[in-house]
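2 protein chains.
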Amino acid sequence: MAVPKVHGSVFSTATNRVVACLHEKGIAFEFSPVDMRSGAHKKEPFLSLNPFGQVPAFEEGDLKLFESRAITKYIAHEYQESGTELIYKEPKKMAILAVWMEVEAHQFDPASSALAWELVFKPMFGMTTDAATVEQNEAKLSKVLDVYEARLSESKYLAGDCFTLADLHHLPNINCLMGTPVKKLFESRPHVNAWCSDILSRPAWSKVLETQKQS
Amino acid sequence: MAVPKVHGSVFSTATNRVVACLHEKGIAFEFSPVDMRSGAHKKEPFLSLNPFGQVPAFEEGDLKLFESRAITKYIAHEYQESGTELIYKEPKKMAILAVWMEVEAHQFDPASSALAWELVFKPMFGMTTDAATVEQNEAKLSKVLDVYEARLSESKYLAGDCFTLADLHHLPNINCLMGTPVKKLFESRPHVNAWCSDILSRPAWSKVLETQKQS
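Protein chains in written order, with the working numbering: chain A, 15 to 229; chain B, 15 to 229.
Bound-form chain A, shown alone:
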């Protein structure tokens, strides 16, 4: 089988979602950096990999994929026997996992990505944080985390007893927000706090951060 290749940036949350998944599965891969500062993701040859001009993109032989969550699903299914089992085989458990993956994408991600943009990336690029946007998205994120607190008081991980893609997909944004005042929204909810500590301390995630530090 061809060695998988990830095109992306070590500072991109979506790229890190895919890289964390590859580390969990223990799969050797090639990393091809995309120079986002020069806008390489908005030009050819990158647009042939992702017509929306967003990182990451993934190649494995003649298979070309984009959208981080589609890539992780492919990796989790294709390499089911390697490393951490990130999905379930039983259809009803898999359906519950699909629910919590959609929750991450449609409830958690919009608020947490907006906060990461305002509080982490805008300052990094010398732009000014918009206080009203921060306040509005903190309120949205609080409501989401209230639901997570209730869920995680019944179930160790979001989709059940095992760490799955539903948890893994949260890692890049949670990690970003842990360096901001939004951290308090996670820490003030005991089950959410324990879950965050647990998933952030996974060796696969440490490898992602290590690569980021070296860049």
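One or more of the hints may lead you astray.
Because identical chains share one entry, a pair is satisfied inside a single copy or across any pair of copies.
Said to hold, decoys possible - Here are the simulated BS3-like cross-link-like pairs (lysine-lysine), alpha carbons at most 25 angstroms apart as the crow flies:
| id | residue 1 | residue 2 |
| --- | --- | --- |
| 1 | K221 | K57 |
| 2 | K57 | K154 |
| 3 | K56 | K157 |
| 4 | K56 | K154 |
By construction, these hints were calculated from the structure, which means they are not laboratory data.
Position chain B against the provided structure of chain A, taking the given hints into account.
Just chain B, lined up with the frame of chain A:
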């Protein structure tokens, strides 16, 4: 097997996504209307079905699901042998399908849902449409549809030669926008236009609209 039950509203795009899927699969189901005008979706007993207070929710025996796209995935996998085959068995084809499902969710849906809200639902509720939001989202949707035009010039449907969940997930928002000036963005792109006409004319979608008219 227990008869599936859909809790939702015939005017909800997310509910209609699930109902269209059940009709494509030819599965008998029970419809339980949620009175959204009285806010029933934000109260118990509905919150026990979906803690985020959004329709639809789905029950099949002891299995309870929410998030429309998680529900359609469950139906398509669980009832794979019934009605229209909405997914692929081959892993690489399935990965391409996952990419286009993510594209609908992360590229098409934000712009098209914002436009449906401004141009269809706000007027329905006696609220005022915001022209700046419409303009901004028309620009976003145009860029998405440029990518669709290129894709659909190579491939009859978004994920390949067959109608799949990736196409089906678009139906409720496209149908909404066809009654608005945004229609021109679809009609001015020949392959997008042909694709829209094709998927909107499917008998399963006609059944969704018939039920809506009777309400």
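Going down the list of hints, with the structure as the test:
no. : hint       : result
1   : K221 / K57 : neither (30 angstroms within a copy, 43 angstroms between copies)
2   : K57 / K154 : between (35 angstroms within a copy, 18 angstroms between copies)
3   : K56 / K157 : between (35 angstroms within a copy, 13 angstroms between copies)
4   : K56 / K154 : between (31 angstroms within a copy, 15 angstroms between copies)
In the structure shown, a violation is registered for the earlier hint numbered 1 alone.
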